[in-house]
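These are the residues of each chain, in order.
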Amino acid sequence: MKKEAELDNIKITIQDPNWSTNAMSQGMNALIAEGPDVIVTQNPDTRSLARLMMEPNRTVIEVTKINMQDAVQNDAFVGLDHIAMGHEIADLAIEKCGAGTDISHKISIVQGAITGGVSYFQIQGLMDTLSKRDNIEIVSSQAADWDASKAWAITKTVPKQCGDNIPISVLSSTCGTVSDW
Amino acid sequence: MIPRWNMFRDTAPIAAAGMSIAGTVLAQEPNDPFRGPALEALDGKLVAYLPISTGFYRAKAGAVW
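First to last, the sequence lines map onto chains A and B. Just so you know, we're using our numbering here: the first sequence kicks off at 1 and counts up by one. Just so you know, we're using our numbering here: the second sequence kicks off at 1 and counts up by one.
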């Protein structure tokens with residue numbers, strides 16, 4: 001963005017909240033007070049900055065969000081269609097683990113952050129498709145909070161936990177893990 | 001004394017300049033009909049960028065700002 005802005009006579013300021021929602025909230029408050037022409041931002045989850053995101057809608061400041069949609073609609077969203085992506089992930093799970101496969105129909109879901117814009121909308125699409133299928137059983141849906149170690153632990157543990165008290169086999173354990181990572 | 005030709009030292013800046021120019025040209029020529037009007041609308045405007053973290057993107061891109 002900085003490079004493009006310099007090429008096109010656009011003045012740009014950059015802040016780095018470094019994953020801190022509080023710092024981001026303070027930064028957004030400060031920006032609303034300063035009144036730039038455009039704010040380009042990401043919401044760490046669907047709710048944390050929702051009230052703040054309503055403020056620019058009452059001013060002339062235009063807000064563009066990148067890849068992380070939230071509860072408040074602003075001027076533009078640039079990013080993936082996460083709901084459609086959830087549908088596609090579900091279709092793949094059905095193809096590999098659904099009716100007609102000779103493996104258990106159990107799947108485990110590993111989410112990023114439950115309230116984060118990516119996970120929240122992908123899970124909506126995923127569940128919309130899977131809830132209409134009775135030949136898929138969701139045995140676990142847990143958030144790893146974008147922590148690779150936690151995701152690894154969940155992925156490793158769940159197949160052992162859902163073995164129906166019989167030795168793990170392709171029929172008793174999970175067929176697969178789906179994730180929005 | 002005439003400095004000795006050092007292929008890496010003497011060609012790297014030329015290559016870097018070439019890549020820079022190529023990058024600029026690429027950056028200005030995406031096939032997007034909305035790009036020109038959007039950039040015109042932003043001419044001289046102040047854009048504030050507030051991501052979750054800039055470090056993530058810097059690290060991913062291996063870039064130095």
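In case anyone wonders, no lab produced these hints; they're calculated from the structure. Note that the Cβ used here is the ideal one computed from N, Cα and C, for glycine as well. Any given hint might turn out to be false.
In silico EDC-like links for lysine to aspartate or glutamate, alpha-carbon gap of 16 Å or less [stated by the list, open to error]: (1) K11/A to D32/B; (2) K45/B to E137/A; (3) K45/B to D37/A; (4) K45/B to D134/A; (5) K2/A to D16/A; (6) K11/A to D43/B; (7) K45/B to E6/A; (8) K96/A to E137/A; (9) K96/A to E62/A; (10) K45/B to E4/A; (11) K45/B to D8/A; (12) K132/A to E62/A.
Partial list, derived from the structure: chain A residues whose beta carbon lies under 7 Å from chain B [said to hold, decoys possible]: (13) M1; (14) I12; (15) I14; (16) N18; (17) Q42; (18) L92; (19) K96; (20) G100.
Hints versus structure:
About 22 Å separates the Cα atoms of K11/A and D32/B, which puts this hinted pair outside 16 Å; it is violated. With a C-alpha separation of about 53 Å, the suggested pair K45/B and E137/A falls outside the 16 Å cut-off, and the hint is violated. A distance of roughly 6 Å separates the Cα atoms of K45/B and D37/A; the hinted pair therefore holds under the 16 Å criterion. With a C-alpha separation of about 54 Å, the suggested pairing of K45/B with D134/A is violated against the 16 Å cut-off.
Taking the CA atoms of K2/A and D16/A, the gap is near 14 Å; set against the 16 Å cutoff, the hint holds. Straight-line distance between C-alpha atoms of K11/A and D43/B comes to about 9 Å, which keeps the hinted pair within the 16 Å bound. This hinted pair checks out: K45/B and E6/A have alpha carbons roughly 12 Å apart, not beyond 16 Å. Annotation: proposed proximity of K96/A to E137/A holds, straight-line Cα distance about 13 Å (limit 16 Å).
For the given pair, K96/A sits about 44 Å from E62/A by alpha-carbon distance, which is inconsistent with the 16 Å threshold. Among the hinted pairs, K45/B with E4/A is consistent with the structure: their alpha-carbon atoms are about 13 Å apart, no more than 16 Å. Using a Cα cut-off of 16 Å, the hinted pair K45/B and D8/A holds, with the two alpha carbons roughly 10 Å apart. Note on K132/A and E62/A: the hinted pairing is violated, with a Cα-Cα distance of about 39 Å set against a maximum of 16 Å.
Taking 7 Å as the C-beta contact cut-off toward chain B, the hint placing M1/A at the interface holds, the least distance being around 6 Å. With a least beta-carbon distance of about 5 Å to chain B, the hint placing I12/A at the interface is held under the 7 Å criterion. At its closest, the beta carbon of I14/A sits 5 Å from a beta carbon of chain B; the interface hint therefore holds under the 7 Å criterion. The criterion of a C-beta within 7 Å of any C-beta in chain B is met by N18/A, whose closest approach is roughly 5 Å, and the hint holds.
Because the closest C-beta pair between Q42/A and chain B is about 5 Å apart, less than 7 Å, the hint holds. Interface restraint check for L92/A: the shortest CB-CB distance to chain B comes to about 26 Å, outside 7 Å, so the restraint is violated. Evaluation of the K96/A hint against chain B yields a violated restraint, the C-beta minimum of about 30 Å exceeding 7 Å. Given the 7 Å rule on beta carbons, the hint for G100/A is violated: about 40 Å separates it from the nearest Cβ of chain B.
Violated hints for the displayed structure, listed by number in ascending order: 1, 2, 4, 9, 12, 18, 19, 20.
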